[in-house]
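Student: Protein sequence lines correspond, in order, to chains A and B. Quick note: numbering that gives the first Met the number 0 has the first sequence finishing at residue 286, numbered continuously throughout. Quick note: numbering that gives the first Met the number 0 has the second sequence finishing at residue 277, numbered continuously throughout.
Simulated from the structure, these hints should not be mistaken for lab results. Heads up, some of the hints might be wrong.
Unchecked claim - DMTMM-like cross-link-like pairs, simulated, lysine to aspartate or glutamate; straight-line CA separation at most 25 Å:
#1 A/K227 - B/D243
#2 B/K135 - A/E245
#3 A/K93 - A/E178
#4 A/K227 - B/E239
#5 A/K93 - A/E176
#6 A/K99 - A/E176
#7 A/K227 - B/E238
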Amino acid sequence: MSDTGQIRFRAATEEPPATRWTLIGLAFAGLAILVFAPLIAVFVEALAEGAIEAVRSLASPDARDAIRLTLTIAAISVPLNALFGVAAAWFITKFDFRGKAFLITLIDLPFSVSPVVAGLCIVLMFGANSAIGGWLVAQGYPIVFAMPGIILATMFVTFPFVARELIPVMIEQGRAEEEAALTLGASGWRVFWTVTLPNIRWALLYGVLLCNARAMGEFGAVAVVSGKIRGETATIPTTIEMLYQEYLSVAAFSLAAVLTLLALLTLLLKTLLELRHADQLAANHRH
Amino acid sequence: MSKPLIHRSPMPGLGLSMGITLTMLSLVVLLPIGALLLKGANYGLAGIWETVNRERVWSALFLSFRLSLFAALFNLIFGVMLAWVLVRYRFPGRRILDAAVDLPFALPTAVAGISLTALYAPNGAFGSLAAEIGWKIAYTQWGIFIALVFVGLPFVTRTVQPVVEEIEREVEEASATLGASRMHTIRHVILPMLMPAALTGFALALARAVGEYGSVIFIAGNIPLVTEIAPLLIIIQLEEFNYDAAAAIGIAMLLISFAMLLVINLIQVWSRRRIGYV
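Chain A extracted, bound-state conformation:
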């Protein structure tokens, strides 16, 4: 009831305004404490001794080596996972075979394995005291405590991202367009480049975006396999840990701020893709 004495009706499918605003308030408060506060804290800590100090710490050899290594790792593992994602989505959606559901479960498996256990698996498979690892070390190609191990660990934890994004989109689009192109005499590759790829490009970009964010930020799996050798196998996240444990707070948080900016950029691009190309992304694109 309002002050003027008029009776205001509330739709039967709405909550009373008091309830509604309480819930909205709780949502704001919860996200402020859980999400916005940690986000702001990163920048506050990085700038605790001024912007110049933060920038100077990013120019240190440790930080520069870490940034270079992380960019290299992402530049190798993300395209490989994109290749896998496209191949797996093509195989799963363009052909009918037995065991398809099981194959999809296997592709999703890395999401239910702890990153530390993932790293452990790679150490046990390729470590110096395993059969394969020992042989490779003898040939001069160490995997664990070297770059290939970090790449494998990164690929393990990001493995499902692209495939999961593409499979629902390609199922929805069906095979009719490709079949039409084939009957018109196009070659297999031509069908892929001119028919399939334009249809899935936004979903592919979306998957690559998420895959890249995780690849650059992965900590647990990489910490296990990298050995964290300064200047050689220390990525940005493992360098953050080392700096933090040496009480070099500004240096640690400055590197953390770089990754936070990357995360914010990823979210921005992701939101833009969802707004502009929602129809070409997986229907359940929120996961």
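Given the structure of chain A, go ahead and fit chain B onto it with the hints provided.
Tutor: Same frame as chain A, but now just chain B:
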């Protein structure tokens, strides 16, 4: 007549796409997991049991699963509420809230770890407030709980949101015209519809929290028997080159998280059957 393994198809690229898929899947995921299981098989069940059946390992496993469960329960309630608010209400700042839900997915775990520690340490912004009432958060189990809530935050919201979007208003109107109060409609009509999706999100948040390492180790304090999580034990064993023990704990974690996912999947099947809504 048995079904062929692969149906004949006019589509090109069968060999190539199957080859890339199976080779990469084997090399990156299946063979390493196989190596872990093989290590466990060589070590033997008795050996695994001997490693796991120690006070420090039990307390770490119990701590990881207990706090993950609490964090996932918190996220279940908060996530359903958040999904409802984001879909049903219009208010300034809604888009920003919606985008912010995904931040825990995008923010690297090590960054979240040191940032939460800075906030909740006794001299941090929230930690000093809590200290005034004698509440210690960082370096206690509360700190681990908060880190696990952070990493699991998006799961329930993101699985429930699409379901809320699809609820037809007619159902709610029917319930209201039949005389149900709004509370009654929410409890007996809306929440049951959201249940399967909410449980799926709950399971995902739980699985994620159990294996979580990066965001937890900074805030946990890592005191054996008190705030030492199971993944950290694996790292400690590896640093001592004790591969058998590391593999034993790793296998125990794998088995328990698969068992939990199985239980939750069964709950989901049961709730779907009971409610008749997918």
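Student: Taking the hints in turn, state whether each one holds.
Tutor: Quick rundown of the hints versus the structure:
| no. | hint | verdict |
| --- | --- | --- |
| 1 | A/K227 - B/D243 | 22 Å, holds |
| 2 | B/K135 - A/E245 | 23 Å, holds |
| 3 | A/K93 - A/E178 | 10 Å, holds |
| 4 | A/K227 - B/E239 | 15 Å, holds |
| 5 | A/K93 - A/E176 | 12 Å, holds |
| 6 | A/K99 - A/E176 | 22 Å, holds |
| 7 | A/K227 - B/E238 | 12 Å, holds |
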